[in-house]
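Since each chain sits alone in its own frame, please combine them into the complex, following the hints.
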Amino acid sequence: MGDGKGATLIGALDAGISVVRRPRRRAIQFVPRSLVLPIVLFLIVFFVLPLAENVFRSFDPETGREHYVKIFTDVYYLEVIAVTLALSLGVTVLCLLIAYPVSYTLVRHSGRWSGVLVFIVIAPLLTSIIMRSFSWLVLLSRQGLVNGVLLDMGLIDRPIRMSAGLLPVTIALVHVMIPFMVLSIAPAIQAINPRLEESARILGASRIRTFLTVTFPLSLDGVATGMILVFMMVNGSFVTLQILGGGAVQTLPLLIYQQFNLTRDFGFGAAMSNVLLAIAIICLWLQISLIQRRGAEAR
Amino acid sequence: MRETASDIDGAGLKLRGISKSFGNLQALSRMDLSVPRGELMALLGPSGCGKSTTLRIIAGFEQPDTGKVLIAGKDVVHLPPNRRGLGMVFQDYSLFPHMTVAENVGFGLKIAGLARAEIAKRVREALKLVQLSGRDDYFPTQLSGGQQQRAALARSLIMRPSLLLLDEPLGALDKNLRENMQFELRRIQRTMDITTVMVTHDQEEALTLADRIAVMVDGRVLQVGTPLEVYESPANRVVAEFLGTANIFEGVADRHTIRVALGDRTEVLAAQPELRDGAVLLGIRPEKMWISGERNSRGNAVAGTVIGHVFRGTAHVYEVEVGPNLAPVQVLEQANSRHDTRVYSLGTSVWIGWRPEDAFVFPAEREGRA
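Protein sequence lines, in the order shown, are assigned to chains A and B.
For the first sequence, our numbering gives the first residue as 1, with consecutive numbering after it.
For the second sequence, our numbering gives the first residue as 1, with consecutive numbering after it.
Because the hints were derived from the structure by calculation, they are not lab data.
Since the structure is predicted, the reported quantities are computational estimates derived from the model, not experimental observations.
We put the beta carbon where it would ideally sit given N, CA and C, even for glycine.
Short, incomplete list of chain A residues facing chain B, as computed with Cβ under 10 Å:
(1) 195
(2) 196
(3) 202
(4) 206
(5) 217
Some chain A residues flagged as far from chain B (calculated, every beta-carbon gap over 12 Å):
(6) 46
(7) 78
(8) 89
Isolated chain B (complex conformation) (with noise of 0.2 Å):
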């Protein structure tokens, strides 16, 4: 995070109290969000949250009933898209079928009436930025995906845009290229320094390009956060399992213990001492537990039985029970090395466990909506 003060107050992004509903369908209900100059944030939620709603109401293609879109310490509601000064960048590219990449991506630069060498110097820049110099007089359908979703950032930012907008931006990409277009997206983004608000329902493209994230369920943001503050400490059960897996264990907090009944253990500790006293929930990532055939003085411990094993490549993934009653726990063991790492086959009597520390808990009243 790379914010002052004055950043927040001066330009990039900012809605306030934004809500939008389609007939009875509530998509959005008073959203807020502050984006930075200079930052990607990642709108991530599931499909019909309302994130490309709020996509459509900052480009200007939707109206919201209420609320203001601050770009720049400007509200924009009442301007026509022409007139907002974004770039914008779709899951298909609609890239112009009818036009060269070079008149593509100069689009932009003649309707705003610049001169035709100015313009030609600009898209040789544009293209060289993505990467896609001497494509010039190629028409959309013969560059490859990824090619096209560069010319479709070129032709995007080569209007200087105040703000980008990124609809699933790699959404139609296939895994390898993906991955490739990630990092480049990050160059970019980073080079030309411009603030980026990044649709997306896909967590792994959130966690890797976003400088932070704001998940969306039903309509609004339940956190926004760093990848890391996210994924390690999310603010309730709905985040933390939309984000990754989480196993979620019901207990009662009682002056800075944490009681869980857990297999033949009903004491568990972790360490969240601002916790007020009450149900809550507790929960712990696949990868942040340990699984060894003998009690483990680490920590917090439980015995039980192995009951499901998949080999991912990278790791090992395994499905413990620990008590009748309790959803199977999930622990995730980096395949470290090809003879050290025991595979527990099923039945096997293990134990698992946890550091206190790494584990997040949240008062059980807020999981109404899981």
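Okay, chain A solo, but in the shape it has when bound (with noise of 0.2 Å):
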């Protein structure tokens, strides 16, 4: 659940960018029309008709919409939100602090080790996220990796208890989604010309001062980007926090697997996900709004 609204977000990111980037160029036409019918179709029939089925399943007639009203007005719904939100701001400011330098050396100090780089940093993309999820379930768990070396170390006299709660979904988060955020921002950065920081420095800017008023700025396009792709797949993961979250960190995705399968409350879970899918375009609106502002400004 969490990949697939991942990857559809992806690519509806990809298509907000590409259209908001060059507005005054008409799309060169490769293919006749008639040959996007059956992808239109298929989008109708497998995601427009049941996003339609889920919004008037959540009004259904005998409750009209005292399932909004739940969730708006109850404190225990209101708190899952803001969890869930304060979650992937957190885990997005983290990837940020840690995949902006990583970014930075890929693409400026990397020299021939670039592709070895780009390599380490998809690599997690290939095993899929349950294992992942799972493997840090096995290194954080009383008999695990992390306790046996801090052990050893002398730093603690017995196991923590580490292997589920907030700092083991963070964790784990943080490690699922850098990759997103470097590929947004490496590129951004590629993109900065040096000549432009040389610029900088020979007019009498340090190297920070070259990168606060230089090459950040230059790079916010991406730094966006990956924040917003990052905020909107942690808001919708589901299985890092079945893992790793033991029950101690409740988000909106979890409470509507609740609705599903345990309550089968059917339409009090369809209205919770139409409120997290309404974050997730509220985002998207945000950022081609800002990219739209950035795009006059520049010209």
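Okay, structure coming up:
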């Protein structure tokens, strides 16, 4: 579920970016319009219709908009939404802090090692998200590697319980999301002409000033794309939270799963998934309007 | 040239024994160069000759393996680029795309921590100097190539640098604009009286703009001199052929006379009394030669046959064969008047020649690297 949503969001993002960045050019028609028909039909049947059905289900005749009232008035559900957003924001910020230096090194200083570095960055994507999350469970368990090392070093007396809860969830999500952040930021840095940084240097700017006044502002497009991408994917992530959350971290996707599989309150589950979808759409809209404004400034 | 002894010692730029290699490639070998205060020096050479590396070493983006970079008498080799007080204009101008023209020009002053009002005042002055007043709020992409060039120049000049570095400054402009900018650049450089080092592979640009030219090939300076010196008396064959066109003949010097096997003549005079006897090369520029239907009494003359002709608008260029196993000689004749100039068609027998003092001569052993 989380992955499926992630994939469609990436597609949507890409489409959004490419449409917005070249607003004046008309798309070149590579194929006759009729060839687009199958995919449009497919999307209508398997994407638009189910979404529409979901909306109808959340407003069933008996309850009306009661589900939404419950989500937005009940403190418990508000808290779940808050936790979901806070977790997404936290993971996004951590990813940015780690991925920016990695991207910069990758683009500017890796030389002939860049291929190896790119592979190391992308390699985690080759494994299923379940495997990656489960590996963290193994590493962080009572008898796991991390506890073992800490015990051997004498830093702790007995194993810490850290295989379930906010910490492992955050670690695993950051691990999972970093490739997406790097893949968004690295091209933006790549597109910055090194001469611009040299110009700033010769005009008297130290390395740090150069970074703050030239490099970072010019990479903001990539940073924004990466942040919104990661934010939305964490918002919708499910597997990692299910495996490592240990019930301590309740987010919207987990509640939705419970509504459909345990409580079997389809209407309420549908309402919650619509709220999640709305958050994703708002993010997307934010990003597109950001890029549009920057584009307008530059012209 | 307006250098004095004190200028050479005091301000300006001096490179002493600069070497730099990248892996196995020797980019610069023990290079020396002096640029007196206020002078515009052009580093001229084919791509890969080390001229850009020299500029990057002066700027501080590359560290030389050995040697000193003296700016105003002070060795700056260990200073980072931002502490050297230089100005630099790149070929692609490198204006910050996320800043307006005024923000670009005021960037250095802002970094230096000047007050807003002072920055605004000096930005206005700088934009006026480069004739960009009123473009303050434009973004670089809204400017033409020439305007971007001038904005980049203003951004450097506003810092009142002790030394201005220009990397192929006019390379990205089209021909007409380039000629305008040559005068513009020279005017600004003279007005500011700013020591300038310019890198170019365009000989015309170097000849037009520079006070002196340093011709570089394979990481070494082959000759330094005024445009006139370098053009009229090249130090060796490489310089002669890189700057303009030259007809080069092999000959032997013997007591102030240089013998060259040319057509039916074997003895040709050249006025180079200080030359030692031995194998020499004699060079003569196409435009220094005359071409005529009959034997002319002025100086040397050789008979030949026209085998090529190009009309260049201001001049006719002929290729004349003067003998078997000899490269054809190029002769350039000004197209003075539509009616006076006779055009020699292919196959015509002609006489070509030059005044002895217009030829340049150098020993043949210098030729090795042509």
